[in-house]
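Colleague: Here's the letter readout for the chains.
There are 2 protein chains.
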Amino acid sequence: MQDNGIDVLLITDPANMYYLSGYDAWTFYVGQILVVIIDEEEPMWIGRDQDANGAHLTTWLDEKNIIPCPEHYYHSEMKHPMGFIARLVHLLSKSNRPIGVEMDMYYFTATTYASLKKELPNATFKDASTLVNWVRLIKSDQEIEYMKRAAQLVENAMTTGLEKINPGVRECDVIAEVYHELISGTIDYGGDYPAVAPLIPSGKETTALHLTWTDRKFNSNDFAILKLAGCYHRYHAPLSRTVSIGETSAQIKDLAKLCVEGLHAALETAKPGVTCEEVEAAWRKAIEPRGVVKDSYLGYSIGANYPPDWGGHTANLRKGDPTVLQPNMTFHMIPRLWYGQLGIEVSETFRVTETGCETFADYERKLFLK
Amino acid sequence: MQDNGIDVLLITDPANMYYLSGYDAWTFYVGQILVVIIDEEEPMWIGRDQDANGAHLTTWLDEKNIIPCPEHYYHSEMKHPMGFIARLVHLLSKSNRPIGVEMDMYYFTATTYASLKKELPNATFKDASTLVNWVRLIKSDQEIEYMKRAAQLVENAMTTGLEKINPGVRECDVIAEVYHELISGTIDYGGDYPAVAPLIPSGKETTALHLTWTDRKFNSNDFAILKLAGCYHRYHAPLSRTVSIGETSAQIKDLAKLCVEGLHAALETAKPGVTCEEVEAAWRKAIEPRGVVKDSYLGYSIGANYPPDWGGHTANLRKGDPTVLQPNMTFHMIPRLWYGQLGIEVSETFRVTETGCETFADYERKLFLK
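Chains C and B are the protein sequences, given in the same order. According to the numbering used here, the first sequence is numbered sequentially starting from -15. According to the numbering used here, the second sequence is numbered sequentially starting from -15.
Hints were generated in silico from the structure; no laboratory data involved. Careful: at least some of the hints might be erroneous.
Since copy identity is lost for identical chains, a pair holds within one copy or between any two.
Stated by the list, open to error - Listed next, the in silico DSS-like pairs over lysine-lysine satisfying Cα-Cα at most 25 Å (straight line): (1) K354 x K132; (2) K350 x K188; (3) K237 x K101; (4) K201 x K148; (5) K78 x K102; (6) K48 x K188; (7) K132 x K201.
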């Protein structure tokens, strides 16, 4: 905040709210905010009246710093929760100080910003869109432990999903089993909801990566990608694998091998001191001699998150990203190759170690055949 | 659009995009838009390059109206997808016409709006936040059929959840079974992901309505609310029930009865010609003589939606909402009463009929005892 000349920081990203205060509830669909004031000991949580008890139960904040906003500010054409929040900032005599807002965060809508500016005409606003996200880039050992637990969940779910995919089985029945595995977790701990639903593009939909499941039945000559994440205490470990039902062509098998080779080349490159774009370049170098075209977006920082996205919105494994890898940065690397109407994806979530990197999951990297 | 003097409508709400074009994918976490131009036959879908195939597969749009935005516009500090979209609007010679934008929709961030204004300095922008939402208020028979199917899913999931809740069972294991039921669906059709995760506030968390599950075990003197929605082709039918493990106090039992009485009073009031606030008043009238305080937010319009919210953001069953009920409007009515640290909720999703209303689910209304 000091580096950016920000005295008051208004946090609306639920993952940033969680990181700073512990607040964890499905309430991000209504106006809520964490106010961080540079010379105050604690942030303030401001949210809907009926959710204040959730803040008491999940945050480390003192009771006086949990401020319920009356219900009638919500879902109203006349009022906006930001009006209440702005008045509070004013009451705290902070309204003429530089205020940082997360301009490009989901849940900080154009109206939210307009309401804020209207109520605080003397304030100077600064874009602090990914200020806290960048702080979260390097994980603590505790966060790494959460991601390891998430990885255990996704391994189990992937095994269940791959087992379940068979001719005559509906996509929805595969995903039902996957969800069950992700949520019930292990004997030692349960799983949390992933920020993105499990995806299972199949057949010609494997080139349409973000379609969700249907109740279509797999046929005896089918193809699917399972794109899942385990989630533990909001920390994610995504993992993708591709499966062919029945025999597939030599080209597809070669392509799958190439995808795994590219993945390995990129993972071998990832270590402290190397940049994000160098990791992507290693992938591209491994696949380009074989004439395969691929966009340059190989992955992204990953950790705690909420719907609709589990990506960190900071460092990306792609051309032009100069971020230098450091120990305990964590990424989801998603090599993808397309062949006509079929897509192949073999992804890994990894952390940068002192000397290289290690994946969270330990899962065979290949095209699965059934 | 004509009534609002809007020539070009930029739709960013995924449920509105779905309603108008059929587009259905988990891609709302990146810039995507449906452009509706008042004198063009078809809307245009503009989204991320890798998702254009999903638009081909799910929409009824002609191929020429599916426009992929290059990958390098995304997750960039230099560019914004809205820059690409704005240029396209300009190329279409529409940039000096009145443009409607969904100012207060999730996924239309302050930055999105700023980018748009910067690229189209001659355009006039109008707030069209809930323009399409209001069009969606009255459901077609097809939509009602989807909600009936969703209701079948939630009935099954509620039965499974209530059966599974027992001393020594973890919350996550109950939710795992609930998810399985919601997604695997029936023999005839599968279920879709609900826009809000299944919620199961328990113990003192029953007054913190939007906390998600943990791996805490239920004890032999516990209390929980199951707050679920079935979802079919994005159409929701939510249902809440409260359960007490072991014997509970006479006060709680009385409160549960009162909650159901209030629900019945409100349902009996709901019919064409009555206003939303009159429905809420009937609930309040039924409970107020018994001295129970309750905020005035009794429910909201419901239908197709995407995370993070299944509410329609239009008509609300609460004080001050003059919306007149008409046949095939659909609402989720959520009577809630609190007693100290315990909360009771018994909710129903209903449609307005020609002469009254009918609930989608057929599920016993009471405090469940185990």
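Colleague: If a hint holds in the structure, say so; if it does not, say that too.
Modeller: Quick rundown of the hints versus the structure:
no. : hint        : result
1   : K354 x K132 : neither (29 Å within a copy, 37 Å between copies)
2   : K350 x K188 : within (20 Å within a copy, 48 Å between copies)
3   : K237 x K101 : neither (57 Å within a copy, 48 Å between copies)
4   : K201 x K148 : within (12 Å within a copy, 29 Å between copies)
5   : K78 x K102  : within (15 Å within a copy, 29 Å between copies)
6   : K48 x K188  : between (55 Å within a copy, 20 Å between copies)
7   : K132 x K201 : between (33 Å within a copy, 23 Å between copies)
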